[in-house]
Amino acid sequence: MNPNKTNHVGQPVGYKILGNVNCLPLASPDSVIGKRAGFMYSHLWVTQNCEAERYPAGDYPFQHEGGDGLPRWTQADRSLENTDVVMWYVFGLNHIPRIEDWPVMPVERLGFMLKPVGFFKRSPAMDVAPSMPTCLRCNGNPSEPCTCGH
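Read in order, the letters of the sequence shown are residues 3 to 152 in the working numbering.
Take these hints with a grain of salt, some might be off.
[Unchecked claim] Derived lysine to any residue pairs resembling SDA-like cross-links, with alpha carbons at most 25 Å apart:
# : residue 1 : residue 2
1 : Lys117    : Ser30
2 : Lys18     : Met107
3 : Lys18     : Thr8
4 : Lys18     : Asn4
5 : Lys117    : Gly69
6 : Lys7      : Phe93
7 : Lys18     : Phe93
[Claimed, not checked] Derived Cβ-Cβ restraints for the label pairs, each shown as a range:
#  : residue 1 : residue 2 : range
8  : Ile101    : Asn51     : 44 to 50 Å
9  : Val11     : Pro108    : 42 to 48 Å
10 : Met3      : Tyr43     : 23 to 29 Å
11 : Ser30     : Pro126    : 44 to 50 Å
12 : Asp32     : Lys7      : 40 to 46 Å
13 : Val11     : Arg56     : 36 to 42 Å
14 : Gln77     : His45     : 33 to 39 Å
Rather than coming from a laboratory, the hints here were simulated on the basis of the structure. Only a predicted model underlies this, so the values are computations on that prediction, with no experimental measurement involved. No residue lacks a Cβ here, since even glycine has one placed at the ideal position from N, Cα and C.
Let's have the full structure, built from the sequences with the hints guiding it.
Next comes the structure, spelled out in structure tokens:
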């Protein structure tokens with residue numbers, strides 16, 4: 003939410019994050035991958051925008067013992083108010099094959115939605131041009147003069 007921008011009823015505007023199918027990893031946090039990719043144990047991370055923080059596991063995750071990236075960056079507990087932020091949404095999928103998945107898995111979808119909250123006075127889908135009146139003569143034969151008066 004943005005406390006500096008309010009809507010027509012005085013409420014702050016923002017976005018709601020709606021997650022889809024998601025799961026946490028089966029790997030133990032003490033495993034090699036768990037240490038090097040500690041970000042995968044939370045679905046959502048939000049940090050201040052920082053050019054040096056580009057990868058959720060930190061730079062060169064295969065060359066460090068772990069503990070870098072999002073888990074380390076968020077320990078600083080930097081304020082997120084009135085600053086540019088980065089939202090890190092972590093997708094997880096554990097695929098347990100079905101008979102239908104053999105020999106080729108058809109599809110598995112992961113994702114999330116950002117829904118605006120409080121931006122509009124009404125549904126923007128209602129902001130459409132009025133429909134034009136039509137008649138059978140105009141639609142049936144455009145070369146004939148219109149007699150319906152529209």
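Status of the hints after comparison with the structure:
1. Lys117 - Ser30: violated, 33 Å
2. Lys18 - Met107: violated, 32 Å
3. Lys18 - Thr8: Holds - the C-alpha atoms of Thr8 and Lys18 are around 16 Å apart, at most 25 Å.
4. Lys18 - Asn4: holds, 12 Å
5. Lys117 - Gly69: The hint is violated at about 33 Å.
6. Lys7 - Phe93: violated, 31 Å
7. Lys18 - Phe93: Holds, because 17 Å separates the two Cα atoms, which is no more than 25 Å.
8. Ile101 - Asn51: 44 to 50 Å: At roughly 46 Å between Cβ atoms, Asn51 and Ile101 fall inside 44 to 50 Å, so the hint holds.
9. Val11 - Pro108: 42 to 48 Å: holds, 46 Å
10. Met3 - Tyr43: 23 to 29 Å: holds, 26 Å
11. Ser30 - Pro126: 44 to 50 Å: holds, 47 Å
12. Asp32 - Lys7: 40 to 46 Å: The hint (40 to 46 Å, Cβ to Cβ) holds, given that Asp32 and Lys7 are roughly 44 Å apart.
13. Val11 - Arg56: 36 to 42 Å: holds, 39 Å
14. Gln77 - His45: 33 to 39 Å: Since the Cβ atoms of Gln77 and His45 sit about 18 Å apart, the hinted range of 33 to 39 Å is violated.
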